[in-house]
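Quick note: the sequence shown uses our numbering, first residue 2, plus one each step.
Treat the hints with care, since some could be wrong.
Taking lysine to any residue pairs in the SDA-like style, the calculated list, with each CA pair at most 25 Å apart, reads [unchecked claim]:
no., residue 1, residue 2
1, Lys166, Ser139
2, Lys166, Thr203
3, Lys91, Lys52
4, Lys97, His185
5, Lys128, Glu207
6, Lys84, Ile102
7, Lys128, Leu159
8, Lys97, Leu202
9, Lys116, Ile75
10, Lys91, Trp76
11, Lys116, Thr27
12, Lys116, Leu159
13, Lys84, Pro145
14, Lys91, Thr109
15, Lys52, Lys166
16, Lys116, Pro145
17, Lys166, Ala104
18, Lys166, Lys116
19, Lys116, Ile195
20, Lys166, Ile60
21, Lys97, His126
22, Lys166, Tyr80
Here are the computed distance ranges between Cβ atoms for each label pair [said to hold, decoys possible]:
no., residue 1, residue 2, range
23, Lys84, Thr27, 15 to 23 Å
24, Tyr80, Ala158, 31 to 39 Å
25, Gly51, Lys91, 22 to 30 Å
26, Glu206, Ser139, 31 to 39 Å
27, Ala56, Asp79, 34 to 42 Å
28, Ser30, Leu88, 16 to 24 Å
Calculated from the structure, these hints are not laboratory results.
We put the CB at the ideal spot given by N, CA and C, even for glycine.
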Amino acid sequence: MEPYPVQLLVDEQETHLALLSHLTQTVKSRDQNTGGHLTRVSRYSVLLAGKMGLAPDEIQNICYAALMHDVGKIWIPDYILLKQGRLTSKEFDVMKTHTTIGASLLDTPHSEVLKFARWVALHHHEKWNGQGYPGGLSGRDIPPAARIIALADVFDALTSERPYKPAGPAAIAAEIIEQECGRHFDPDVVDVFINNIEQMLTIAEEEEPPK
Numbered sequence: 002m003e004p005y006p007v008q009l010l011v012d013e014q015e016t017h018l019a020l021l022s023h024l025t026q027t028v029k030s031r032d033q034n035t036g037g038h039l040t041r042v043s044r045y046s047v048l049l050a051g052k053m054g055l056a057p058d059e060i061q062n063i064c065y066a067a068l069m070h071d072v073g074k075i076w077i078p079d080y081i082l083l084k085q086g087r088l089t090s091k092e093f094d095v096m097k098t099h100t101t102i103g104a105s106l107l108d109t110p111h112s113e114v115l116k117f118a119r120w121v122a123l124h125h126h127e128k129w130n131g132q133g134y135p136g137g138l139s140g141r142d143i144p145p146a147a148r149i150i151a152l153a154d155v156f157d158a159l160t161s162e163r164p165y166k167p168a169g170p171a172a173i174a175a176e177i178i179e180q181e182c183g184r185h186f187d188p189d190v191v192d193v194f195i196n197n198i199e200q201m202l203t204i205a206e207e208e209e210p211p212k
């Protein structure tokens, strides 16, 4: 007899995915901008991962992980999450905890998808030069999926409307990302982004909320 039956592993993974889907929907319901953000980041990340030649199963994991990367925001107070203006340094310190909270929510030994998503939730705000958070990881010590999703996350933040700012032009966003090559972002991911900017813009247009 197997020490941990395969069907039980499958059932547990499906249960965990259903739970995290519920948590993600809860985050979306609190912040109208988050739903579109998660979908766009997932699609951007899948595009970039595919263009980088990642294996299909890893691309699928990136798709799921991107949808869950901000799940830790479920425990961020509304007065911070929905604030119309710039966060204070203390508020930003609280906001940064969504990475470790998300990792805790995704911490399970029996689901490969959630273990993958856990590392993304924890490390999607790390920077190539080591100046990110929460671990101050740098370069290739940052999980590859987190490097991809980090760029997709910032691109969407720059080009989408937020409570504290209007949507920015894609051309300016691309310039900012290119300037951050080797500092915030993995140079390989930036190269793929620049070479596929038109497809990124197509996704943005397809996912644009109705006015």
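Hints, verified against the model:
no.	hint	result
1	Lys166 - Ser139	violated (30 Å)
2	Lys166 - Thr203	holds (22 Å)
3	Lys91 - Lys52	violated (39 Å)
4	Lys97 - His185	holds (16 Å)
5	Lys128 - Glu207	violated (29 Å)
6	Lys84 - Ile102	holds (20 Å)
7	Lys128 - Leu159	holds (17 Å)
8	Lys97 - Leu202	violated (28 Å)
9	Lys116 - Ile75	holds (19 Å)
10	Lys91 - Trp76	holds (16 Å)
11	Lys116 - Thr27	holds (21 Å)
12	Lys116 - Leu159	violated (29 Å)
13	Lys84 - Pro145	violated (31 Å)
14	Lys91 - Thr109	violated (30 Å)
15	Lys52 - Lys166	violated (31 Å)
16	Lys116 - Pro145	holds (14 Å)
17	Lys166 - Ala104	violated (28 Å)
18	Lys166 - Lys116	violated (34 Å)
19	Lys116 - Ile195	violated (30 Å)
20	Lys166 - Ile60	violated (32 Å)
21	Lys97 - His126	holds (9 Å)
22	Lys166 - Tyr80	holds (17 Å)
23	Lys84 - Thr27: 15 to 23 Å	holds (19 Å)
24	Tyr80 - Ala158: 31 to 39 Å	violated (20 Å)
25	Gly51 - Lys91: 22 to 30 Å	violated (40 Å)
26	Glu206 - Ser139: 31 to 39 Å	holds (35 Å)
27	Ala56 - Asp79: 34 to 42 Å	holds (40 Å)
28	Ser30 - Leu88: 16 to 24 Å	holds (22 Å)
Hint compliance for this structure: hints 1, 3, 5, 8, 12, 13, 14, 15, 17, 18, 19, 20, 24, 25 are broken, all remaining hints hold.
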